[in-house]
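The primary structure of each chain is shown beneath.
2 protein chains.
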Amino acid sequence: MKLAIDAMGGDFAPQNIVAGAVAALHDNSRITKLYLVGDQPRVEAELRKFGASNNRIDLVHASEVIEMDDSPVQAVRRKKDSSMCRAIDLVKSGEADAIVSAGNTGALLTAAHLKLRTLEGVDRPGLAVIIPAPKNIFVLLDAGANLEPHASNLVQYAIMGSLYSKQILGYKQPRVALLSTGTEDMKGNELTLEAHRLLKQTDVNFVGNIDGHDLFSNRADVIVTDAFVGNAVLKACESTARLVGYWLKQELKKNPLRMLGAVLAAGAFKALKRKADPDEYGGAVLLGINGICVKAHGASSPNAAKNAIRVAAEFIECQFNEHLVEETRKFHDKVQQNTFAQPPIEAAS
Amino acid sequence: MKLAIDAMGGDFAPQNIVAGAVAALHDNSRITKLYLVGDQPRVEAELRKFGASNNRIDLVHASEVIEMDDSPVQAVRRKKDSSMCRAIDLVKSGEADAIVSAGNTGALLTAAHLKLRTLEGVDRPGLAVIIPAPKNIFVLLDAGANLEPHASNLVQYAIMGSLYSKQILGYKQPRVALLSTGTEDMKGNELTLEAHRLLKQTDVNFVGNIDGHDLFSNRADVIVTDAFVGNAVLKACESTARLVGYWLKQELKKNPLRMLGAVLAAGAFKALKRKADPDEYGGAVLLGINGICVKAHGASSPNAAKNAIRVAAEFIECQFNEHLVEETRKFHDKVQQNTFAQPPIEAAS
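Same order as they appear, the protein sequences are chains A and B. Sequential numbering of the first sequence, starting at 6, is according to my numbering. Sequential numbering of the second sequence, starting at 6, is according to my numbering.
Rather than coming from a laboratory, the hints here were simulated on the basis of the structure. All residues carry an ideal CB built from backbone N, CA and C; glycine is no exception. A hint or two may mislead.
[Said to hold, decoys possible] Pairs of lysine to any residue, SDA-like flavour, derived with a Cα cap of 25 angstroms:
#1 A:Lys-259 with B:Ile-142
#2 A:Lys-177 with A:Phe-336
#3 A:Lys-205 with B:Ser-76
#4 B:Lys-258 with A:Pro-137
#5 A:Lys-97 with A:Asn-295
#6 B:Lys-280 with B:Val-268
#7 B:Lys-192 with A:Lys-259
#8 A:Lys-254 with B:Trp-252
#9 A:Lys-280 with B:Lys-259
#10 A:Lys-258 with B:Tyr-251
[Said to hold, decoys possible] With the Cβ distance kept under 8 angstroms, some of the chain B side facing chain A (calculated, not the full set):
#11 Ile-62
#12 His-66
#13 Ser-68
#14 Glu-69
#15 Phe-233
#16 Glu-243
#17 Leu-248
#18 Arg-263
#19 Gly-266
#20 Gly-272
#21 Ala-273
Whenever a hint applies, use it, and build me the whole structure from the sequences.
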């Protein structure tokens, strides 16, 4: 399989991305080609640090870089020779199966959607992240792709997220829940009430509504929500974890006894940090488009870049998109057979 | 001042509520009357535990209780003689200035809104919570009152939240931010884009958008959002804090060295727990209605009930609603003078 890597995307590019790419090639012999797309002299300089060139690596020069603070739509329109756009072009032309980038999220979502288009039967792509909990790992989507979804989009996210949980995380019958303001069926806003009604009629293993208190309580393996809420919740979780860590550190520094205790228990703090380390989880995946698109986080370490490439390879290997097209077709067949009632609010659109 | 207490609301009622009420009376001599509303024999039995009866306490019998899992609208309609409804009736009739309840949140919001109505100039009430951060305490609203707000409602929340921060928390010029998917002006969904445009034209100290990563970074003293997002974010923060605590405990138990460290540093863990203890913060306040309405959390301890009563007393004492009416009038005057452009999407409603 062949992957296109946006070597210039992210706060520590190209060095961390190139380092991660070299490590990924070392770990996975089934990757036959990695296109490193970016400023050729700089990428070459990074590669030189790792010794002899690798014939599984192809350098593809791109003269521009989409910066983190560029406006997504404008950047995609204007910076046609950016590393990100060129890398996506390789997927579009069929030369690569996946694109991995740690660059500007909005630009990546926009460019991947515009250039690769959605899969047959999929109306809108959804950005999926995986989140570790004590007793399971769950998929949360949409974490940022579609800010004004219809209820029917949320139903498609349920199908995509369910397939992610099955194919990549190995859950046999992933439990799909809808994020709402409470667990009762009648809780929520217009969007979730309608999505709830539709989800009950699908073949996904829909377990009903959950609320923010239930995120980590092993009630769902897939949590479906709109991008605004998904984005806010994901970031709120991250900042709360950081806050607790910060406060704990402050308290532990307050007297020598506590400091000694902290030294003795250092292993526990390190283990906790590792558990919550986003670098281990391989980034967010844009589901529902023609091609695999993985977004590593902006501050990606070499390890984060490597894991994002690993995740992209897993998606290619399990033929995720072929399965998704099939699942989506089954879903639409069910709609056609009128066993699935069309949502009234969607009729006009 | 006079307060009506729903003595039967909450998981540990009436015992914890009555205990909190007695403690509040002890702490605050300016409370001239506490109406304890509920099942008279049970409330009396609790009061007896604290010795002689207090002439500042009036028992008001109510034969019904709205349960935590009752449907809010139905409960309010049917259980007219519930402790919650009777307590609100005391505010409506002017016998009490405030209602405090640890009962069913949805029922309390519904009953308070229906019975007390909104203040002059306020379209929809908003539920405000305060959240501690390392360098400030911020007000988040709406945390659950209005699931389908217009942008103009969010503007009113900004005014209310700002006043909360000023009058109760003592901030001179509270910074008001809009929760969105990023800090840039053009980030967000239709609702926040429109709210952003309107907020820039108000007199509140609007500092722009923030996202979930900025909650605790001292960028805002008031964070405005819609109830769905506010509810999800608040609960996500709470469950993440619990998750980190759980994981840390698990790791600390893994070997004797870590356990020893944990014992030595126990003071730090306790301090951390206290910092995040919702019992200290006195519950959520429903802003914008004729009367003060404080919602203590369902599992309220006596201390939580006491603090909820303290908060209600603070709102009465600073004449919060009088100030809010004035601020709202100023805002509407500005609208009238056409310095504030009416939102086009609201024109039809």
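Hints, one by one, checked against the model:
1. A:Lys-259 with B:Ile-142: Within the cut-off at roughly 22 angstroms; holds.
2. A:Lys-177 with A:Phe-336: Between A:Lys-177 and A:Phe-336 the Cα gap is close to 19 angstroms, so the pair holds against 25 angstroms.
3. A:Lys-205 with B:Ser-76: holds, 21 angstroms
4. B:Lys-258 with A:Pro-137: holds, 20 angstroms
5. A:Lys-97 with A:Asn-295: holds, 8 angstroms
6. B:Lys-280 with B:Val-268: Satisfied, since the Cα-Cα distance of roughly 19 angstroms is no more than 25 angstroms.
7. B:Lys-192 with A:Lys-259: violated, 40 angstroms
8. A:Lys-254 with B:Trp-252: With Cα atoms ~16 angstroms apart, A:Lys-254 and B:Trp-252 stay inside 25 angstroms; holds.
9. A:Lys-280 with B:Lys-259: holds, 15 angstroms
10. A:Lys-258 with B:Tyr-251: holds, 21 angstroms
11. Ile-62: violated, 34 angstroms
12. His-66: Interface hint status for B:His-66: violated (30 angstroms vs cutoff 8 angstroms).
13. Ser-68: violated, 26 angstroms
14. Glu-69: This interface hint is violated because 21 angstroms lies over the 8 angstroms limit.
15. Phe-233: holds, 5 angstroms
16. Glu-243: B:Glu-243 check passes; min Cβ-Cβ to chain A is 7 angstroms, inside 8 angstroms.
17. Leu-248: Result: holds, 5 angstroms to nearest chain A Cβ.
18. Arg-263: holds, 5 angstroms
19. Gly-266: holds, 3 angstroms
20. Gly-272: The hint holds - B:Gly-272 has a Cβ within 8 angstroms of chain A, the shortest such distance being about 6 angstroms.
21. Ala-273: holds, 4 angstroms
Going down the numbered hints, you'll see the structure goes against 7, 11, 12, 13, 14, while the others check out.
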